[in-house]
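Just so you know, the sequences run in chain order A and B.
Under this note's numbering, the residue at position 41 of the first sequence is numbered 41, and the numbers go up by one with no gaps.
Heads up: take any position in the second sequence, counting from 1, add 1000, and you land on this note's numbering.
Fair warning: there could be bad hints in the mix.
[Said to hold, decoys possible] Calculated cross-link-like contacts (lysine-lysine; reagent style DSS-like; alpha-carbon spacing at most 30 Å):
#, chain 1, residue 1, chain 2, residue 2
1, B, 1245, A, 15
2, A, 49, B, 1245
3, A, 49, B, 1256
4, A, 162, A, 21
[Stated by the list, open to error] Per label pair, the in silico range of CB-to-CB distance:
#, chain 1, residue 1, chain 2, residue 2, range
5, B, 1158, A, 24, 48 to 58 Å
6, A, 125, B, 1171, 45 to 55 Å
7, A, 96, B, 1187, 29 to 39 Å
8, A, 3, B, 1271, 58 to 68 Å
Simulated from the structure, these hints should not be mistaken for lab results.
Glycine included, every Cβ here is placed at the ideal spot set by N, Cα and C.
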Amino acid sequence: MANKVFHVMYDDDQKLMDAAKALVSQGIRVKEVFSPFPIHGLDPVIGVKRTRLAICSFMYACTGTALAILGTWYFMVSDWNWNIGGKPNFTWIENAPAFVPVMFEFSVFCGAHGMAITYLLRNGTLPGMPASNPDPRTTDDKFVMEITTDDNNLSASDLEAKIRATDVYELNIKDY
Amino acid sequence: MGHDKLHFEIPAKTRKWCFGLMGLGVLSAIVGGVADETHGQYWWAVLLICGFFFLAVSLGALFFYALQYAAEVAWTAQIKRVFEAMFSFIPIGLAVILVVLLAGQFHVHHIYHWMDSSVYDINSPNYDKLIADKAVFFGAFFWVRIAIYVAGFVLFARAFRKWSLQEDESPSTELHLKQYRRGALFLVYFAVFSTTIAWDVLMSIDTHWFSTMYSWYIFSGMWVTCMIFATLLIIWLKGKGYFTKVNDSHVHDMGKWMFAISMLWSYLWFCQFMLIWYSDIPEEVTYFKTRYDNYMGLMWGVFFANFAIPFYVLIARDAKRNIKFLQRVGAIIFVTHFLDIWMAVVPGTNHGHEFGHHPGFGKSLLHWGWTFGMFLGFLGLFIFIVLRTLSKAKLVPVNHPYLNESENHHI
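Next comes chain A alone, as it looks inside the complex:
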């Protein structure tokens, strides 16, 4: 059987939220939602798993700290002992307080940049990447929910009837 894709458009985030709750409670799986802004509390309703971006960020920041320790040790202690204001300069640990700002800044730098790049890659939204939203109006003031017959054990007409029962603004059905 051919897969039918329903692009259900709503003109209000609350309407989409109510519709998602109603459809999910009837056992229908919502594949994806396209929205101009994050909709508070939608993720658990449509069964999106919690993001692991924070864990990535922590690991990037730890990498940054490690690199900063390596860098300060090599530049300031190992390669050439920099004597600044008579500070102890033959071991890294005795001079460590002076390196803390570097370690802090580099951790933040790596954590933030790593997180941003991971986010853009994972979502396919790096500059120049093709847009994946089905309708350009979802970047303006419309909200689209994507439901497929492949995901649901219902005939196309049954599914359509259930979708139509919600407060739909516009419904586009495509065959794949």
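Guided by the hints, dock chain B onto chain A, whose structure is given.
Same frame as chain A, now just chain B:
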């Protein structure tokens, strides 16, 4: 409103615990008075530390309360009585500080070197030009400032409490706006006088030394200990079946405060240390020289405990929503922040000889024992005062305009 338990009563067991702790405190004070080998200097220092520490917790509560009104915060609306109860300790904390200051003025102890009148006398061998130059600051003006603290903190706290109770009787937007304006005014007052109270009560112990970051460091300690105590109290009350509408999101937000202000404290502590250590100017470095020479392990131990434990344990979202994590981390860093105030006072008053000269392990243990005994005594008193105030009014402010928003708090 649907709250089944609006009236809090102190459970008999908790009351017994509080009085038990207070008894332990009195016993420790007696043991300390007998065992002390510093002519009472260290005993008075411990009294000052305990008094200031719990005054700081209650001042933190007053500050946070005013902040909630000034910033029009909604989610804390149903837990604001907790902060009211905490700032009801302010008069007692101020009284303890006042006793220590007056005892110093009458030369019962020598915590404050500048209270010795001979340092101002140019003909005396004790003459100290650096202190004598500050004679105006340390003269009558000092006691004027103390009067401003006592009057200001007590009056602000009483007005907040009075209007809050009035609102329970008769809902009015006017009362809320009054609180809002007074809250904003208090923040201005507190910006100035939280700074000077840290100078006057703590920084002046090391009279020759000064640091512009000191008051911020003391203030962040106040704030974080207040957030810890409030979090633990709210969790305890929830466990007793109160605060049924305080949900996971409230606990999570309290955990965030605990985490964030721990980082603020660590940042300020380290910045103050690092800049002084790095520039190594004799007049600045004395403060850390004393600590390096005699308290190296304790100084870094306190810093790492107060920084690393909340950072690594509370950084994850799930940890901030986990009551057991919050309780354990909170209890540990509450005590280590007490040790932080100990580190701010004792090196300046006793210079490494607080337990007598060359104390052995047994003697150190005895002195640490009664020091913590006095801390626990004050803790018992503090908990008792807080719970007693909590039992005197409705646990949730039933007519607060943001109550509904607070009950539906979701993050």
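Verification of the supplied hints:
Proximity of residue 1245/B to residue 15/A is assessed by CA-CA distance (about 27 Å); at most 30 Å being required, the pair is judged to hold. This hinted pair checks out: residue 49/A and residue 1245/B have alpha carbons roughly 27 Å apart, not beyond 30 Å. Only pairs whose Cα atoms come within 30 Å are accepted, and residue 49/A paired with residue 1256/B is accepted, the gap being roughly 22 Å. Pair hint residue 162/A plus residue 21/A holds up; C-alpha atoms about 12 Å apart against a cutoff of 30 Å.
At about 53 Å, the CB distance of residue 1158/B to residue 24/A agrees with the hint of 48 to 58 Å. Between residue 125/A and residue 1171/B the C-beta distance comes to about 49 Å, which sits within the given range of 45 to 55 Å. Checking the proposed 29 to 39 Å range against residue 96/A and residue 1187/B shows it holds: the Cβ atoms sit about 37 Å from each other. Look at residue 3/A against residue 1271/B: about 60 Å separates their beta carbons, and that is inside 58 to 68 Å.
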